[in-house]
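Participant: Here is what each chain is made of, one letter per residue.
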Amino acid sequence: MSAFLTLRNGEFSYGERPIFQNVNLDVTKAEVLCILGANGCGKTTLLRCLSGSMRLNKGSIILGDRDIRTMKIDEIARKIGFVFQEHTAPFPFSVLEVVRMGRAPYLKLFAMPSVQDTEIAEEKLNLIGMYHLKNKPYTQISGGERQLVLIARTLAQEPDIILMDEPTSHLDFRNQTIVLQIVNKLAENGLGILMTSHLPDHALLFSHRVALMKNGNFITSGKPADVMTQQSLKEIYDIDVRMVNIADPFSNETVVMVIPRRDSTVIKKDD
Amino acid sequence: MSKKKLLLLILIPLALFSISLFWGRYTISPWEVLQILGSRLFGVEHGLPDTLETIIINVRLPRAILAMLVGSGLAISGASFQGIFSNPLVSPDILGVTAAAGFGAAVAILMGGNATAIQISAFAFGIIGVGLAYLISRVYKTSPTLMLVLAGVIVAALFGALTSATKFVADPESKLPAITFWLMGSLASASWKDVLRIIAPVVLGCGGLLLLRWRLNLLAMGDVEARSLGVRTELLKGVIIVCTTLVSAASVCVAGVIGWIGLIIPHVARMLVGPDHKVLLPASMAIGAGYLLLIDDIARTVTAAEIPLGILTAVVGAPFFAYLLRKTKGGWK
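Chains E and Y, in that order, give the protein sequences.
Last residue of the first sequence? That's 309 in the working numbering, and every number before it is there in order.
Last residue of the second sequence? That's 659 in the working numbering, and every number before it is there in order.
Extracted from the complex, chain E is given alone in its bound form (with noise of 0.2 Å):
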């Protein structure tokens, strides 16, 4: 499959502080690339230019067939989906009226959504378990079904690449879990997803790429089990990791999973 999205020799800086230099991305539908990554080393910067809300100070990005700098930002709204880490909002709309402005892209400025639009938002609310809260306060449902929410209205913008920002962060075990079940079915389905995450485990387990940021550069990047070494985690994020292959009893395949040491070698002993 060749990529939808392609970032080359990108760079970006805030002023004088670099943030990342000569990086080169592809995301291609149906697939599931996770960056990883201390904090600080420009993962989220990076989505931002990707989804050109950013403006790259060198390299180009094409979408689709175009640059992305030849495109409005409506335009750019129908081919990528952002999700953000975290978000609330200060006005109880419902469940509903948050997953229709999804549509937004696709209205023309004094338009109000159609019966069509409200359609689309119910069925993409279905297709993620979602469509009992629709007349909810979205101010009033937990994190995980926010995430959730949210993602429903970025399918509602029917695009071809999700951007993820950590859109497991601040959530429980099992909301987690089930963001990066239906983040994998969503891929099964055609998308392409860019998501970043702050677990190894996370990509081992629920992508099909990964790539390796460090100071504003990837240090590798390729299938999960081939790239991520206690030699390459130990590069990014600076600490101690071991490898283990574990059979996966749902499944009956091999996973490779992150141990990390267990006594601290940041803290010295008393003397």
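Don't take every hint at face value.
Just the calculated beta-carbon pair ranges, DEER-fashion [as the list claims (entries may be wrong)]:
| hint | chain 1 | residue 1 | chain 2 | residue 2 | range |
| --- | --- | --- | --- | --- | --- |
| 1 | Y | Phe507 | E | Asn95 | 55 to 61 Å |
| 2 | E | Glu49 | Y | Leu561 | 40 to 46 Å |
| 3 | E | Thr177 | Y | Lys519 | 43 to 49 Å |
| 4 | Y | Thr506 | E | His170 | 54 to 60 Å |
These aren't lab readings, by the way, just hints derived from the structure by calculation.
Glycine included, every Cβ here is placed at the ideal spot set by N, Cα and C.
Based on the hints, put chain Y in the right spot on chain E.
Facilitator: Frame of chain E, contents of chain Y only:
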């Protein structure tokens, strides 16, 4: 929204409008009001004294219409600002429109201008104030909404001080009371001229806001979210600020400073029809129009002298807001 609520939102302002025509210190029966209005519309003689006709046609009718224009204008401006600032505690004067317009009026009074000059000066300074706040907010680019609010505080403080300065130098026998009274808000001198003067900016501004009302939902979710949905947030916010400024500057220039309506009415509307701006904006207009009609009826009938509107809206509004805080437990969720 249910049919019942829709009916209430149309009928209550209409009922208050009718009451405003025959209720007053000069008693005119509803039947007489109908005769006079009928004679005007269909050219039939009514045989009633000319004084009655003058009171209805030239005093109460323009005053009631003005109250509705100003009330609905302030309410829709407040609802829109609460939307674009994603903050339910914002009022239409957050960008300094009222403070600046107040200064404009004070200066015009100080220079001995007539009513027209005072209105033009108030309107112009209202626009200048918001323009200034907008320019100041551009200095720092990363968090435009916060900068707008801070710039509004700066502009309001500056024009507040300048207004105090004009009061300080004003003649305490004649001009100082005039300035003070203007700043407390009143519709006592309402005339058809006032209605004609503000109808264009109010209709233009309200029309723009009503057309964009669904987009306000998107802006209320926050800038970053709205941009990811393909909204050109800065442009849209700019247009909405222009619309609200037209409406609120026009309202202030004929009615003086009337606080609280733009802050409270959107909350009442939200309790009634929910937070969706698609219905919230029209509902705010209806409730705002009804509310100011009621307040103005009280202002002109309770005592022999007119009570300034700003005092009444605050006396009624402040306890009501406290009640709202209690009922919603501090959040709006």
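Participant: It remains to establish, for every hint, whether it holds in the given structure.
Facilitator: Outcome of the hint check:
no. : hint                             : verdict
1   : Y:Phe507 to E:Asn95: 55 to 61 Å  : holds, 58 Å
2   : E:Glu49 to Y:Leu561: 40 to 46 Å  : violated, 28 Å
3   : E:Thr177 to Y:Lys519: 43 to 49 Å : holds, 47 Å
4   : Y:Thr506 to E:His170: 54 to 60 Å : holds, 59 Å
Violated hint: 2 only; the structure is consistent with all others.
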